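Guided by the hints, dock chain B onto chain A, whose structure is given.
Chain by chain, the residues run as shown.
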Amino acid sequence: MSRVAPTSVAEVTSLIEEARGAHRPLWFSGSGTTPVPDGHTVIGTENLTGVVDYRPDDLTIVVQPGTTLAELAETLGVHRHTAVLPETAPTRTVGGVIAAGASGYCRHRYGPTRDRVIGVTLVAGYGEVVHAGGQLVKNVTGYDIPRLVTGSHGALGFIAEIYLKLWPSPEKGTTIAVSDIAQARDTIYQPTAALETENGGFVYISGSLASVNAQADSLEGSAWDGLLWPDPLEENIVAAINVPPRFVPDAVNRVRDVGASRFVAQHGVGVVDVGWSDIDAGHISELRSWAEANGGSLALHRRGSLGDGVPRWGLAPGTAAIQRRLKHLFDPDGVCNPGVLAGNV
Amino acid sequence: MPLIDDLTTLLSEDRVLHHPLDLFVFSKDAGVGRGDVVAAILPETSQEVAAAVRIARRYGTPIVPRGAGTGLAGGAVPVEPGLLVVLTRLNQIHDVDQVARTAWVGPGVINLDLSKELEPLGLHFAPDPSSQQACTIGGNVGTNAGGPHCLADGTTVAHILAAELVTAEGDIVMVGSEAPDQPGLDLRAVVVGSEGTLGIVTSVLVRLTKNAPDVATLLVGFPTIESAAATVSDVIASGLIPAALEIMDQPMVEAVEHFVHAGYPTDAGAVLLAEVTGTPAAVASGVEVIQSISRSHLATEVRAATDASERTLLWKGRKAAFGAVAQTAPDYYLHDTVVPRTELVDVMTKIYDIGARHDILMMNVFHAGDGNLHPLVAFDAREPGMLDRVQAAAREMVEVSIEVGGSLSGEHGIGLEKRDLMHLVFSDIDLDAQARVREAFDDAGMMNPSKVLPEGSRCFDANGVRL
Numbered sequence: 019m020s021r022v023a024p025t026s027v028a029e030v031t032s033l034i035e036e037a038r039g040a041h042r043p044l045w046f047s048g049s050g051t052t053p054v055p056d057g058h059t060v061i062g063t064e065n066l067t068g069v070v071d072y073r074p075d076d077l078t079i080v081v082q083p084g085t086t087l088a089e090l091a092e093t094l095g096v097h098r099h100t101a102v103l104p105e106t107a108p109t110r111t112v113g114g115v116i117a118a119g120a121s122g123y124c125r126h127r128y129g130p131t132r133d134r135v136i137g138v139t140l141v142a143g144y145g146e147v148v149h150a151g152g153q154l155v156k157n158v159t160g161y162d163i164p165r166l167v168t169g170s171h172g173a174l175g176f177i178a179e180i181y182l183k184l185w186p187s188p189e190k191g192t193t194i195a196v197s198d199i200a201q202a203r204d205t206i207y208q209p210t211a212a213l214e215t216e217n218g219g220f221v222y223i224s225g226s227l228a229s230v231n232a233q234a235d236s237l238e239g240s241a242w243d244g245l246l247w248p249d250p251l252e253e254n255i256v257a258a259i260n261v262p263p264r265f266v267p268d269a270v271n272r273v274r275d276v277g278a279s280r281f282v283a284q285h286g287v288g289v290v291d292v293g294w295s296d297i298d299a300g301h302i303s304e305l306r307s308w309a310e311a312n313g314g315s316l317a318l319h320r321r322g323s324l325g326d327g328v329p330r331w332g333l334a335p336g337t338a339a340i341q342r343r344l345k346h347l348f349d350p351d352g353v354c355n356p357g358v359l360a361g362n363v
Numbered sequence: 018m019p020l021i022d023d024l025t026t027l028l029s030e031d032r033v034l035h036h037p038l039d040l041f042v043f044s045k046d047a048g049v050g051r052g053d054v055v056a057a058i059l060p061e062t063s064q065e066v067a068a069a070v071r072i073a074r075r076y077g078t079p080i081v082p083r084g085a086g087t088g089l090a091g092g093a094v095p096v097e098p099g100l101l102v103v104l105t106r107l108n109q110i111h112d113v114d115q116v117a118r119t120a121w122v123g124p125g126v127i128n129l130d131l132s133k134e135l136e137p138l139g140l141h142f143a144p145d146p147s148s149q150q151a152c153t154i155g156g157n158v159g160t161n162a163g164g165p166h167c168l169a170d171g172t173t174v175a176h177i178l179a180a181e182l183v184t185a186e187g188d189i190v191m192v193g194s195e196a197p198d199q200p201g202l203d204l205r206a207v208v209v210g211s212e213g214t215l216g217i218v219t220s221v222l223v224r225l226t227k228n229a230p231d232v233a234t235l236l237v238g239f240p241t242i243e244s245a246a247a248t249v250s251d252v253i254a255s256g257l258i259p260a261a262l263e264i265m266d267q268p269m270v271e272a273v274e275h276f277v278h279a280g281y282p283t284d285a286g287a288v289l290l291a292e293v294t295g296t297p298a299a300v301a302s303g304v305e306v307i308q309s310i311s312r313s314h315l316a317t318e319v320r321a322a323t324d325a326s327e328r329t330l331l332w333k334g335r336k337a338a339f340g341a342v343a344q345t346a347p348d349y350y351l352h353d354t355v356v357p358r359t360e361l362v363d364v365m366t367k368i369y370d371i372g373a374r375h376d377i378l379m380m381n382v383f384h385a386g387d388g389n390l391h392p393l394v395a396f397d398a399r400e401p402g403m404l405d406r407v408q409a410a411a412r413e414m415v416e417v418s419i420e421v422g423g424s425l426s427g428e429h430g431i432g433l434e435k436r437d438l439m440h441l442v443f444s445d446i447d448l449d450a451q452a453r454v455r456e457a458f459d460d461a462g463m464m465n466p467s468k469v470l471p472e473g474s475r476c477f478d479a480n481g482v483r484l
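In the order they appear, the protein sequences are chains A and B. First residue of the first sequence? That's 19 in my numbering, and the numbers climb one at a time after it. First residue of the second sequence? That's 18 in my numbering, and the numbers climb one at a time after it.
No lab work stands behind these hints, which were simulated from the structure alone. The structure presented is a predicted model; accordingly, all values stated were derived computationally and were not measured. Glycine is no exception: its CB is placed at the ideal position from the N, C-alpha and C atoms. Any given hint could be a false lead.
Claimed, not checked - Here are some, though not all, of the chain B residues that point toward chain A, as calculated from beta-carbon distances under 7 Å:
| hint | residue |
| --- | --- |
| 1 | Gly187 |
| 2 | Met191 |
| 3 | Pro197 |
| 4 | Leu202 |
| 5 | Gly256 |
| 6 | Ala479 |
Unchecked claim - With beta-carbon atoms standing in for the labels, derived distance ranges:
| hint | chain 1 | residue 1 | chain 2 | residue 2 | range |
| --- | --- | --- | --- | --- | --- |
| 7 | A | Glu35 | B | Ala461 | 56 to 64 Å |
| 8 | A | Gly68 | B | Asp437 | 55 to 63 Å |
| 9 | B | Glu456 | A | Val276 | 39 to 47 Å |
Next comes chain A alone, as it looks inside the complex (with noise of 0.2 Å):
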């Protein structure tokens, strides 16, 4: 397996080029959270990092796909701001995270990362550069491209440039651990997480010192300053079960069942993660069949002792159809990740 680290656009086209000249697969990677499969290229981001044009005063931010989530933190610190990003490892890179379209605990007050892309650069893979979106906080000219390019995994290019949305960042952070985690989301107006883990209920409330305050003096339970968000799951096999948010506890149940090392559940958002030392195949599939069933997914993001026999994700969607002419039509010689989407598109 080689590796190539472009430091330009025009890099990256050429290297698409000749990838298709050869019938070569390629394999876009940022910070390498997600798995190289074997007899691909990988093209890095590393040499692809920075800010391309930051303004603060229209709270937006144009940055290259290799900048690691610490150096974007970083440059937004300077002026109180925060692109909403997940609370993952500050190694991982912009480019990463847009491209499994990754959102982080804030989701069930800001909404999905996908809805901070406001703009993207995309080398397709058939080799041309388009630009979709712009610096704006608000536009509907034409197709929204840079969503869809969100959480397409590399599928359908390599992402050149990905402008954000900001936030002005909260004044204050709360945590505050609570017994009825349903009820107390329901309490207050403006959660800004409400997680369950292995060690309890924890609701999360942010922004003015006001509004704070005040959401947190309507909850009973012990609290801390700042927002403690769980560690994140480094275990040998990490899935995310997604099912429609009224499904939640039940997914805990089941989780807690089979044995989870440690699981954390965003309420109101639908979201499981698990984390397992070890777990035979046969509980994965059972897990998965249960969430496809109730209109939800189960995804593998390691893999672990499982290995390959069990696929990264379940069932084609439904739209496969339309994924895969898609897919043909931004890359017509399956170089860009080939397989890497649910329905081995």
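Then chain B, alone, in the frame of chain A:
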């Protein structure tokens, strides 16, 4: 006509309209142009929509979906003789989920009716276009509609979690899901705002927003539009994102005040309408911030709505702005460009210059918080040469917006009106990429053809060679 016979067999006679008077009525939306309708049908289920699509396809008749027809960009006006699928009878609200704060909603449900229906549950649908008393959720999805409260909450796409879509082939599929992050590409994101060109949305899962425990609405008078705009910039720079920040210039305030008598100060150079929502403590501190920044920009008057009826009155002035223009002139042309917030003042100055140069009567009411401008030209189309002047000025206003990194539409959509201006924002390569998205959904070009993308947008083959 065999097309009409087949549709009548499917839907019965009273739901297939083809009398010349019906066709005339349905040949227009709230924009300026008139289209060519072969028949307008009133399906009541997704299955009927799917069957109608298959019939129209068999006859090669283009298909155009329509909600309440309040769109301003001609999105619901068939360019080629087409079948109009009127979705107003798909108007059920069901499966309200209070845990997820979602509901399944038919495209024919009227925007304001949805929020009224949910009021007892303490929930509402956040997008609130000025036409919300008439426009439908389906239309909101089609145009990715906005409204004053999108400043904090985002436009329609942030509030649609899934949609049932009748495809160009007449199949029924689901884009998005009740669960978050459905595996695969997020087709939902491109279906919202696609103006009926990727299929017909027959049901949507809407995300509902909890009603705020407290609301304050402020009306602030300023000596100039610059001071009002500077206030908006400073409020946002202070770290506060209010629920809404709307500006009206003096001619607009005068027109509105004569129409609704809301007590707007007609002598002010500009009026800012600001709304803060949240807990009572947060609202109080937000009001304090806006008041103090307003005073530093020499606000001439600060008025706070003290109760719900006064708040409604202040908002009525804003939402009735376009109706109010009818007292001034019989026709109006409303723009919808968007610019980076920090460019507001410069662009407004240029827009006033353009108005003066073309000698047209212009009023402005806009979503200042997110840089979404709505210059409105009031005119009488019967006056010789007037329409040409209005259109020439329109083009220039779009150009000055795009020069500073702006775009063609913040919330109305592209439709027919701005289709041929897409080249001002996008390169041939960019438009070709958009055309590929469309081709993936509708390679035969049956769904609302000739809208959104200019002719010839799909212009490169798989090897990048111009077709």
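Hint check results:
1. For Gly187/B, the suggested interface contact is broken, since its CB lies about 13 Å from the closest CB of chain A, more than 7 Å.
2. The interface hint given for Met191/B holds, since its Cβ lies 6 Å from the closest Cβ of chain A, which is under the 7 Å cut-off.
3. Annotation: interface hint on Pro197/B holds; nearest CB of chain A at approximately 5 Å, less than 7 Å.
4. At a threshold of 7 Å, the smallest CB-CB gap from Leu202/B to chain A is about 5 Å, leaving the interface hint in force.
5. With its C-beta approaching chain A no nearer than about 4 Å, Gly256/B sits inside the 7 Å limit, and its interface hint holds.
6. Taken as an interface hint, Ala479/B checks out: its beta carbon lies about 4 Å from the nearest beta carbon of chain A, inside 7 Å.
7. For the pair Glu35/A and Ala461/B, the beta carbons lie near 31 Å from each other, so the given range of 56 to 64 Å is not met.
8. A beta carbon spacing of about 37 Å between Gly68/A and Asp437/B contradicts the range 55 to 63 Å that was offered as a hint.
9. Taking the beta carbon of each, Glu456/B and Val276/A are about 44 Å apart, inside 39 to 47 Å as hinted.
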